Amino acid sequence: MTAQILRPNLSRRTLLKGGAGLVFVLGVGGLSAVEVNAQDATLDVNQWLTISPNGAITIVFPSTEMGQSSYSTLPQMLAEELDADWNDVVIAQLNEDDRAFGNPIFGGVLYTAGSTAVQGYYDPMRRAGAQVRDVLLQIAAQQLGVAKDSLRTETSTVIAEDGTRLSYGALAATGLDGVQIPDAEAVTLKDPQSFRIIGQDIPRRDVPAKSTGKAEYAIDVELDNMAHAVVLRTPVEGETPTAVDDAEARTVEGVIDIVTLPDGVSVVAETLWAALGARDLLQVEWSTTSPARNFNSETTLASYAEAVRDPEADVAVWAEKGDATSAIKNADSTVSHLYLSDYAYHAQIEPMAAVASVDPDGLGVEVWAGTQTQSWTTHTIMETLGTTQDRIRLHMMTMGGSFGRRTAFVQDYVRDAVLSSRAVGRPVKVTWTREDDVKNGTFRPAAAQQLEAGLTTDGQLTGWHHKVATPTVIGFFNPGRWEIVKPNDVISMRGAESKFYDIADFRADHIITERQARLAPYRGIGAAYTSFAAEAFMDELAEAAGRDPLEFRLDLVRDNQRGQYLLEKVADMSGWQDRGDRALGLSFAGYSSSMAAGVAEIEVDDSSGEILVTHIWAAVDAGRIVSPDNAHNQIEGGIVFGLSSALSERIDIEKGEVVQSNFYDYEIVRADRVPPIDIHIASVDAPPTGVGEVGTPMVSSAIANAFYAARGQRLRHMPFTRDRVRSVLQS
Amino acid sequence: MTQFTLNGRPVEVDRPTDELLLLVIRDALGLKGTKYGCGAAMCGACTVHVDGAPEFSCQLAVGDIEGAEVTTIEGLSEDGTHPLQKAWIDQQVPQCGYCQSGQIMRAAALLSENPEPSRTEIANYMSANLCRCGTYNRIFKAVEQAALEV
Ligand code: FES
Ligand code: FES
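Sequence lines, in order, name chains W and G.
The first sequence begins at 1 in my numbering and counts up by one.
The second sequence begins at 1001 in my numbering and counts up by one.
These aren't lab readings, by the way, just hints derived from the structure by calculation.
As the structure is a prediction and not an experimental result, all values here were calculated from the model.
Warning: the hint list may mix true and false statements.
Here are the simulated DSS-like pairs of lysine-lysine, each with C-alpha atoms no more than 27 Å apart in a straight line [unchecked claim]:
| id | chain 1 | residue 1 | chain 2 | residue 2 |
| --- | --- | --- | --- | --- |
| 1 | W | K214 | G | K1141 |
| 2 | W | K214 | G | K1086 |
| 3 | G | K1141 | W | K569 |
Calculated Cβ distances over 10 Å to all of chain W for the following chain G residues [as the list claims (entries may be wrong)]:
| id | residue |
| --- | --- |
| 4 | Q1059 |
| 5 | A1068 |
| 6 | P1117 |
Glycine included, each C-beta is placed from N, C-alpha and C at the ideal position.
Kindly generate the complete structure, drawing on both the sequences and the hints.
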């Protein structure tokens, strides 16, 4: 292994500014250490961590922060194996597309999504910490003239048998002569029993700033001489401005310029207020040739429903085991139902915003943006300016929520900021209003699902066939990726594999329908609707079999003891067995390998059609939990998100335009409709599998099943809006 | 020219009188803790106190608050140690944090009107403010904790 990996070209990274000490570099060749002295204080390297003589331990945070707390959790994993004092740790946001820090789950792409950050970095970041700890022990052993094995570490200190204590900072300052850097794969990791950081309730680093108004989001960035822009975007996807009359808009005091973009017109002004006022005065003619003008959500969903019932429709098999078709054919009875779900919008409270400051030569740029991916933001900027990566200075800002919204391969709000700045030769902040954010939203796709299953006369399930008619999401938000993975779209289909159940003859098919809206990953991705259908159907099957929904499910998890535990636990928590007249609904779903069993208790107001959820209980297994209190917060947030989308969230599209505009016609759940939520997190000795989305998928079916308990009617179209509930009750 | 008091200090701004108070606070006066979420009185991210009462700063023109006393999250306490802020940290309320300035300002108004609110009163009062991350139950707990101190 080489002693040094220097990356002199990455000259803008100055983590080491003003400090001397050891720099540990995890590059393509593995980990190596670089000695830094005061003259080299701004040495530019690609590092996971640095230890300064003053004891500060700077750890790179390779993901981006949108509320999920990876910003605290990922460095904790490294600090654990390093045996660092958490108070010594300084967290450094990774601000470039440096694939050496990529998430192994995404093949090294810098991409924060799918509840994968802890899962993906759990091994490499702990190994990086353990390697450095080993190096520090070697240095200490040399200094003290004792065997390395006789030394131990705790809280940033090496301790010898005779009680001598050497701080990590002091050791880091002394140099590397004679030190062997151990191989990442060979280092010994801690026995989880001795964890001091992982599994503890350590307060999040970002909470004080987020409780005092000091946290800075992209929308808050302020630069000298910065102008503000708002963009009048094409009302229908695929159209372009054909004539722009900006004479009146230009008369507004403070307007700097009006810039025509490929799919919009940017109004750049001294203040946001002036830009907004001028935008109202623009007269723009748009082309009228886009096929998207034919998009109507009502007919879209009807056509998906037709496709899912068409036996001749082309299917891509998503998951298969045994022979579902024969099992269903030979069953004593069969049950089949259709489930529908509408488009849904992310509704993150910070609308899209980005700041760009393009260099005079038009090729270099500094950008401040909140996105879920350093890689695709860098890509977007390179394409926009026709420039190279080394000319981009990126600042990944903490995000005011995202839930999948900021994942796209091409990020139009970033592009618009860059183009506007280049046009006016000043730094420009682009801000989307809420209306811009809704009208230009990228949505969870509408879906029609048909489920069919067989039953034996003694009430056993035999054969399960789940068909999902919905477009490919990946094909829209990341077409290059689709070319590699097609026809398997995990974003569209996750959950339909029902992998927590053991069903001998099983099949899930994707009928890839035509895309008729802009699409994006969304909290829970496919499971947000496939688990609604599957778990609502499971209850209908139990009913047809004349069995209790809990017993019926327990039969199917005999090979999944962790799942069985969750079902029994949530039954216990909710008083399922003695529920009497209480309207309870059960569901068992999850996300990726994380599982959640949930029970919802509801009341129904027949005259308004409102479903009031009065309590939710959840039992969750997400493997080892790195940050228990945050895991609880994330799971609860996921449940609230699921509750909100089950009850009211719906996007309609007419003639290619999004009908909704703001929170008055796109309702998300408010405080007075949030029930007590009791969460039990199983303690298991298994790798972590993610907590950000596990709470969401089971909620809608738990509510639908509770509705059946309350009123004896089935809700098969999500969301369960008041008018839909009323019409079900009247039918 | 509009004059008012911001966080206890007199300020004078030379902005159009119809400009939103929210934008004046953020862009002219540089206090970014007050957030834009909807501009439509629907989310509460922009909540400030005007003469002690909670207001959506996206619904006020700066000209309308001539002479008024405006308090933002930055003025709630000198050093972030208002009982609500301490409770927010103790209960680890924020996730993305974007709604939380507004939540805290709304909660502060609640406690000054009703120092011992019930859980239902808290939920009803706080319903003006959205939290997409779903931290509502923690908000309730934090308000209850702070109420014991105020
Ligand atoms: S920004 Fe004022 S209420 Fe939403
Ligand atoms: S903490 Fe994210 S919106 Fe409330």
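Hint compliance check: list the failing hint numbers for this structure, sorted ascending. none
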